[in-house]
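Number of protein chains: 2
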Amino acid sequence: MSAETVAIGIDWGTTSFRAFRFAADGAVEEGRRAPAGILAIDDGEFEDALEELVGDWLDAAPTVPVVLSGMIGSRQGWVETPYLPCPAAVDDIAGALVPLALARGRVIHVAPGLSQRAADGVPDVMRGEEVQILGAVDLLGADAATVCLPGTHSKWARVERRRVTGFATHMTGEVFDVLRRHSILGRGIEHAAWDDDAFLAGVERSGAEGGLLHHLFGVRAAGLFGDLTPERSGAFLSGLVIGHEIRAAAPVGPVHLIGEEELVRLYIAGLKALGHHGEPVAAQAAACGLFLIADSLRKGRHP
Amino acid sequence: MSAETVAIGIDWGTTSFRAFRFAADGAVEEGRRAPAGILAIDDGEFEDALEELVGDWLDAAPTVPVVLSGMIGSRQGWVETPYLPCPAAVDDIAGALVPLALARGRVIHVAPGLSQRAADGVPDVMRGEEVQILGAVDLLGADAATVCLPGTHSKWARVERRRVTGFATHMTGEVFDVLRRHSILGRGIEHAAWDDDAFLAGVERSGAEGGLLHHLFGVRAAGLFGDLTPERSGAFLSGLVIGHEIRAAAPVGPVHLIGEEELVRLYIAGLKALGHHGEPVAAQAAACGLFLIADSLRKGRHP
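Protein chains in written order, with our numbering: chain D, 1 to 303; chain G, 304 to 606.
Don't read these hints as lab results, they were simulated from the structure. Check before you lean on any hint, since a few could be wrong.
[What the hints assert, rightly or not] Which stretches of chain G does chain D cover? Using the computed rule of at least three CB atoms under 8 Å from a CB of chain D, they are:
(1) 417–424
(2) 468–474
(3) 543–549
We treat Cβ as the ideally placed atom computed from N, Cα and C, and that holds for glycine.
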């Protein structure tokens, strides 16, 4: 344990726990990860889990800020933090941190999520991704960017002047999963198989006449005719829904992608097929974002 | 049993069996229905089921044509009949009937389905609905019409000069069902509740920016904010997917609806909200279509 630790950041999501110990320049001195997502914590014993996972860090750096982000701040988490309306920058998030007193007599801070409302008033929310988005933009050395976090509930965010100015969530991954597990489409899918060409054919198909609900039935009909084999159907369906997501997101400029490597690869391929450019965010965006918030808190820069 | 029976028609679907005994003018002399859909028939014993359900009709009218339509002609049914490419009229269907010899020494006929291919080659299929569609158009006394059969896999068909010239299937009902049963949206839905205003709000929302995958997440986010109560969320989700279907179908002229009464009521309300006109097909479209096919077969009018 080095004496130079200036902050501790924890990205505590639904299924995983990632902790970072930061040096003064924001470098990660040490990182830890555990499959201790909030769903894995029994009876709300989050404090016990925290002590078990990083208690030694808390002992060794007793006065540095500790910032937690992600679903730990949800209704199902440790403490329900508010949603901060967009636009929101790092300092706004630092100013809306919710303090939490530990039994050991130390206060830690849980980040709010972000929200926004569409023109018709329908809300959208994120919790944890905003930290990664603002971290990614800092890593890019940019003031403005489009950032996408593909997954169960894909997030597309626009950042201007280092503020998240707007975002949209697409239920792409979950829709893919429930269709393939629970709809008639699943019967025609060999789940273990993958085919990049079929994925791209699905992306292409997403622009055809008739809309997503019609295109979904096309997967079934193409299977009946033998045009889509079970080995190709899963990848085609994936390309279809991801194609619909990308077309709806209609990004302007390059898209910076944060996520699991294989999924990022597919989104880059899908973006390319639709005339866009995607590239992975190379480094640890969550760690960077957590450091920025802790640094803002430490320096009292928040409003 | 009257001596004037000229044909027997059976609409034998996945979950139901409906039989009609026809007089010379096409009037239904007698109708029977049973929950004996093809999924309810064990070990492919379709002939036993037929004899049990309408054996007395076959005895009493030993020489009249017997026409079966619906999923009985699918791979999971009695005999797999081909898909007839559009455009297709009653006489084309009559010409593509597949004969089947019963043990009692009589030949009955199973109808083909219809197929078509989109501009990009992706196929679409129907099996049974074409009989209802052509029957409905005859009942309307029209040569051309737009017909919609809402449901698990909604069908939208265009008829010109009494031929089905094109159609599209939307997986609307099934997508609604798997989302409400198996996705995160289900947690925010009180399944027993219904609210017509919420349904119409969903129809309206379907035209907002962002596409269906984004709108689906909006149901979740609106629930988190208390904008959508569990009592309203199911109807809102229903309106959302039906709204997407109607917008994609983009009907020209009135839409003639065939289906379960409550669902037809909702489609008429959704169509109206989007500036279209829908009306139920009043009489038994399946019976009418089956009679037309049997009559064509009887008179040898088919090509």
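Going down the list of hints, with the structure as the test:
no. : hint    : verdict
1   : 417–424 : holds (count 5)
2   : 468–474 : holds (count 4)
3   : 543–549 : holds (count 3)
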